[in-house]
Amino acid sequence: MKFAFSTLGVPGAPVRDVVRLAVEHAYDGVELRAHPEEPVHPGIGPGERAAVAEEFAAAGVEILTVAGYARVAAPGDDGPVLAELAQLIRLAGDLGAPYVRVFPGGGDEQSPEEADATAARRLGAAAPEAADRGVHVLLETHDSHPRGADAARVLGPVGHKNIGALWDVMHPWLAGESPSETFPALSPHLGYIQVKDIASAEDTTPLALGTGALPLPQVAGVLRSEGWDGWLCWEYEKRWYPGAEPLEGLLAPGREYLRRLTEPPTDGPL
0 MKFAFSTLGV PGAPVRDVVR LAVEHAYDGV ELRAHPEEPV HPGIGPGERA
50 AVAEEFAAAG VEILTVAGYA RVAAPGDDGP VLAELAQLIR LAGDLGAPYV
100 RVFPGGGDEQ SPEEADATAA RRLGAAAPEA ADRGVHVLLE THDSHPRGAD
150 AARVLGPVGH KNIGALWDVM HPWLAGESPS ETFPALSPHL GYIQVKDIAS
200 AEDTTPLALG TGALPLPQVA GVLRSEGWDG WLCWEYEKRW YPGAEPLEGL
250 LAPGREYLRR LTEPPTDGPL
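The numbering of the sequence shown is numbering that gives the first Met the number 0, which starts it at 0 and goes up by one.
Check each hint, because a few of them may be wrong.
Claimed, not checked - With beta-carbon atoms standing in for the labels, derived distance ranges:
#	residue 1	residue 2	range
1	R19	G242	23 to 33 Å
2	P252	D16	26 to 36 Å
3	T210	G11	18 to 28 Å
4	A124	A251	40 to 50 Å
5	G242	G46	32 to 42 Å
6	A174	G220	17 to 27 Å
7	G242	G42	37 to 47 Å
8	E201	E244	14 to 24 Å
The hints are simulated quantities; they were obtained by calculation from the structure and are not laboratory data. Backbone N, C-alpha and C fix where the C-beta goes; we use that ideal spot for every residue, glycine too.
Just need the whole structure built from these sequences, with the hints factored in.
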């Protein structure tokens, strides 16, 4: 497997510092949070995009994802959401990133069926441009669609190879879905997996990998049993928890934990 980390864990860090962290701690790639607070977002111009892509390429670090905030199941007109999707797809294409992350974002005023249909319609509309640019748009297990089963209700009807799923391991677990249920629901659509750890279901403060409550060994066991060998990305939510320990000092042990987690099981503890 390949390992990445999200810039959500180093909010506002310059690109050169992000690349340095990836190189120093032997991460294969980086998930770029695409928000105006960050140095890389849809508002930057062609020259800046080229410079970012060149800096990563020169260091041998892959840009895994443009992690956007489009909410594809949100109530309202399709136009603004489709425009946001197009901007994210073009940014990913310019950076050479294979993935764009989007959220469901369904509202309480919708029925689940309405939210599913809205998300499927918008993702289907975005699929041709994603395909043209060599980008895959991934619906994260999150908010209104936290389980693999929820995401699959949207992705099945879309039925396009450039529209898939991002498995954030926290949200299905909080919703009561086990890894052995999430994986088969998402496997036909699965782009990659976000790993993390938290104190408990009541306290989602980010922790070092392997020190909290999330069932990471069970996730790894399912992946090994199914022969899945894609990307694991550590999403450490420092931006939302400023009091959390800085990510930089956790990156090396985090990568070692992931390496041991994804190897065949041994008799020793993780």
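Status of each hint after checking the structure:
1. R19 to G242: 23 to 33 Å: Holds, at about 24 Å.
2. P252 to D16: 26 to 36 Å: For D16 against P252, whose Cβ atoms are near 19 Å apart, the range 26 to 36 Å is violated.
3. T210 to G11: 18 to 28 Å: The hint (18 to 28 Å, Cβ to Cβ) holds, given that T210 and G11 are roughly 25 Å apart.
4. A124 to A251: 40 to 50 Å: About 43 Å separates the Cβ atoms of A124 and A251, which means 40 to 50 Å holds.
5. G242 to G46: 32 to 42 Å: Once the Cβ atoms are compared, 37 Å apart, the range 32 to 42 Å for G46 and G242 holds.
6. A174 to G220: 17 to 27 Å: holds (20 Å)
7. G242 to G42: 37 to 47 Å: violated (29 Å)
8. E201 to E244: 14 to 24 Å: Since the Cβ atoms of E201 and E244 sit about 19 Å apart, the hinted range of 14 to 24 Å holds.
Figure legend: structure checked against the earlier numbered hints; hints not met, in rising order: 2 and 7.
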